Amino acid sequence: MQAQLFQSAPINTSLRLDPRTKLLMMFILSVIMINGDIRGKAVYIRLVLAVIPFILLLFSGRIKASLFYAALYAAVWFAEAFLVYTTSGAANILIVMLAGMVGRFIPCAVMGYYLMTTTRVSEFVAAMEQIHMPRAIIIPLSVMFRFFPTIAEESRAINDAMRMRGIGINSLSKNPVALFEYRLIPLLMSIVKIGGELSAAALTRGLGGPVKRTNICKIGFGVWDFCMAAVMIAALAAYVLIQRGTL
Amino acid sequence: MITLSNVSFSYEQGEQEGCLRDVSLTIQAGEVILLCGESGCGKTTLTRLINGLIPHYYEDGKEISQLPLYETAKLVGSVFQNPRSQFFNVDTTSELAFGAENLGYPVTEIEQRVAQTISEFQIEPLMERNIFRLSGGEKQKIACASVAVCTPPVFVLDEPTSNLDAAAIDEIRRLIGIWKSQGKTVVVAEHRLHFLRDLADRAVYMRQGRIERIFSVQELKALSQPQLEQMGLRPLWLENLTINRDPVHGTGGSLDLPRLFFSHDHRETPTLDVKDLNVPAGAVIAVIGHNGAGKSTFARCLCGLEKRAKGALQFHASVMNAKQRLKNCYMVMQDVNHQLFTESVLDEVLLSMAEKDETKAEKILESLDLSHLKTLHPMSLSGGQKQRVAIAAAIASEREIIILDEPTSGLDLRHMREVAQNLRRLAKMGKTLFVITHDPELILSCCTHLIQFENGKVVLNEALDARGAEKMLHYFLDAGKKRAEYTEETI
Amino acid sequence: MDNKLNAKDLINVGLFTAIYFVLFFVAGMIGYIPFFMLLLPFLLPLITGIPFMLFLTKVKKFGMVTIMGIIISLLMFATGHGWPVLVTGIGCALIADLIFKSGEYKSWKKTVIGFCVFSGWCIGAMLPMWIMRDAYFEQMRAGYGNEYTDTLMGLMTNWVFPILIVLLIIGGIIGANIGRASLKKHFQRAGIV
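Chains as they are written, first to last, in this note's numbering: chain A, 1 to 247; chain B, 1 to 491; chain C, 1 to 193.
Do not rely on the hints blindly, as some may be mistaken.
Unchecked claim - Below are the DSS-like pairs computed for lysine-lysine, each with C-alpha atoms no more than 25 Å apart in a straight line:
| hint | chain 1 | residue 1 | chain 2 | residue 2 |
| --- | --- | --- | --- | --- |
| 1 | B | Lys74 | C | Lys185 |
| 2 | B | Lys457 | B | Lys471 |
| 3 | A | Lys193 | B | Lys310 |
| 4 | C | Lys185 | A | Lys212 |
| 5 | C | Lys8 | A | Lys193 |
| 6 | C | Lys8 | A | Lys64 |
| 7 | C | Lys109 | A | Lys193 |
Claimed, not checked - Far from chain C, by Cβ distances over 12 Å, these chain B residues were calculated:
| hint | residue |
| --- | --- |
| 8 | Leu69 |
| 9 | Phe88 |
| 10 | Asn102 |
| 11 | Gln116 |
| 12 | Gln218 |
| 13 | Glu219 |
| 14 | Gly232 |
| 15 | Lys327 |
| 16 | Ser344 |
| 17 | Thr375 |
| 18 | His377 |
| 19 | Pro378 |
| 20 | Met379 |
| 21 | Ser380 |
| 22 | Leu381 |
| 23 | Gly384 |
Just so you know, these hints were derived from the structure itself, not from any lab. Owing to the predicted nature of the structure, the values given are computational and were not obtained by experimental measurement. Glycine is no exception: its CB is placed at the ideal position from the N, C-alpha and C atoms.
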């Protein structure tokens, strides 16, 4: 597997969303889910929202992951609706804590997984430019995405070298600090060196000039974006009304 | 037109390497200029002057030293040595557009420019790809294409072929040819001269920060091999190379690989399938073949880094599986930075010893001319010194089989010869060496045996005598063209 | 000196953020074991000490540390760690940056303090546990009555929070010192800083 956040090659999906929509959905989802109401009408809003990452995963062809998520969430739902009231003692506390944690974080984590696996780096950067994120954020952000795979490559090579020289968990179990040092120091040295060369190359290609950058990556809102945004905003509105007691 | 008049320059730390002394040079528009000379002669510094990284020069009457870098970017396109460190994006299409985006060109214009560059350079198959999955040669092609999108009048290339194989070098030659035909000014700093001899208009020979001589292309081609060597330059004609070493006698016995099989998870690299490979023990074995032919996979499997590789190595009456090979083989990596861990050269050697023996370590350091550096941090050394430290660690580990992955990439004649000398020294100790290389000169100066890979299989395995040398040179002369035809067919 | 961040500064921010984030993930892996999750504020500064101290040698201008914090929070948010991390991430980084700046990016004492503060962003990733706790127990009280709820609340008491802060400070001090030691031992001798 390629160690990177976001994708580098085009993605085939029947349900294409703009990265901005995904971020909005992420935000609303995290606000409502983390509060995690288990009583009252808000429960139904949580249920509706929990279904959304499932649909998104399903449509982007990650069927296995979507079914796994559905099963997990169903279990949590079952636990919160029944088990909490019928068990007692340590088992009860365990169930309450586990269900509480999983129920709150898993939908967000799955949404995060969806965001990462269906968005290209260039799309994400374009979205950041569209929402007028300042350049001082966008440049380091793109550099970071570019460096994740580099870090993976470099640390793989260092790992090989360590294995070949017989420096491993066995020989250094007495001295874990040295093991950490051997892994990290050459990695940092390489990365700093590559960073220096990258800076030079980027500067000769006009990065950092005063002109406004353009971006050829095409992003835009479609029908699905409006549908999803509508559902999310409606859910948020309903949630707020419920919290205030008006609904 | 580019004019440099009486330029002197030195780097901050007062280093002698790479400074310029009173350099004057005029380059006409549309010329292809080859900058040559030993490492540290100031070639790279000169390229940095032209591309504005070091400000101090003139073009179109505008004084570039006063132009900020993003303005220079419109005038000069730069390609650097390391294919891995000069791209900014993770996918090829964004990378091509990157420069033009920075200059703020309108989107439709950028798309048009990108499309034109793609068709000129014939790189459609590389589009919409993850750059991290490309080979070094492909990355370098993308680097050339992405500076071409901005259509600057001047291109500056700093050792663009250091890390490339023969086929990829041929591709770079083709791209420079396209620029030449478009009337662009091209300045190339290079150690490898042969691929430029029919492209360059003039060659600037530098020494110790000065321009020693400027050759016309006729004068350059007239230089004999001994003259070139005298100047510390690599050959202009690979055809003229001859075997250049003392006969080395093997230790007797052989290394046998009845079978070595390894299949990758992803399909891009071919399955390695070596059958009945015998090579003499104690030989210096050159491993050649195109990028992606399986040389690196072979090396990784041979020294046991790929656990899933099937097959055993028979050597000196012992049969070694992957795990045992990992303890008996040593690889000196192409990027030696990855395998230096400690805080001093001496510690680095001691780290390799099962029983720490400082006197022995000092002896090894002395044999490699490293004694005076023993207290220094390995990372503070030059590339060649680092490589020697890695070799010292290999000797200290007392392993019998040593694999070197492209030990001379990007080296000038003098440093290449140093490497060759070190390899001969290892051979004298009775080690068996596998040298993965794209450098025919290195092979002729120290290797005694030759194996060639193609599509994961060994297609040639013979002693490197006069006949073997001829076959080897034939491979390097043909490699470029064959591969180019091959890729066009597959498209 | 030009105080505006140039492209080179921004590239440095980007690559050190990448390393920082990767190491955070290493620490976070351990954090998925529930008990160890409480150790995250200790482990994070411990592990990230070396790259952060190296990063600070490249920082001479205000803003670089803040940007690092902003990017970390954005990423944490985008990977589903909840919104509170946006607040702590940006807040801690900004305060840390101000502390570093007040020492002109040289004072060792302020470096250590700033590093502890900066590492405090990770509390934000754990904050939902506290936010949700109160809301959760309130509902529970309505469902089960006081006695049961109080027992449960006793297990997740408020004193955990100050413990996290203490862990954070200890981890920060050790991490910063490891970082400084390895700068001396390796990076200065190698001529990188």
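Just pull the numbers of the violated hints for me, sorted ascending.
Hints 1, 3, 4, 6, 7, 8, 9, 10, 16, 17, 18, 19, 20, 21 and 22 not satisfied by this model.
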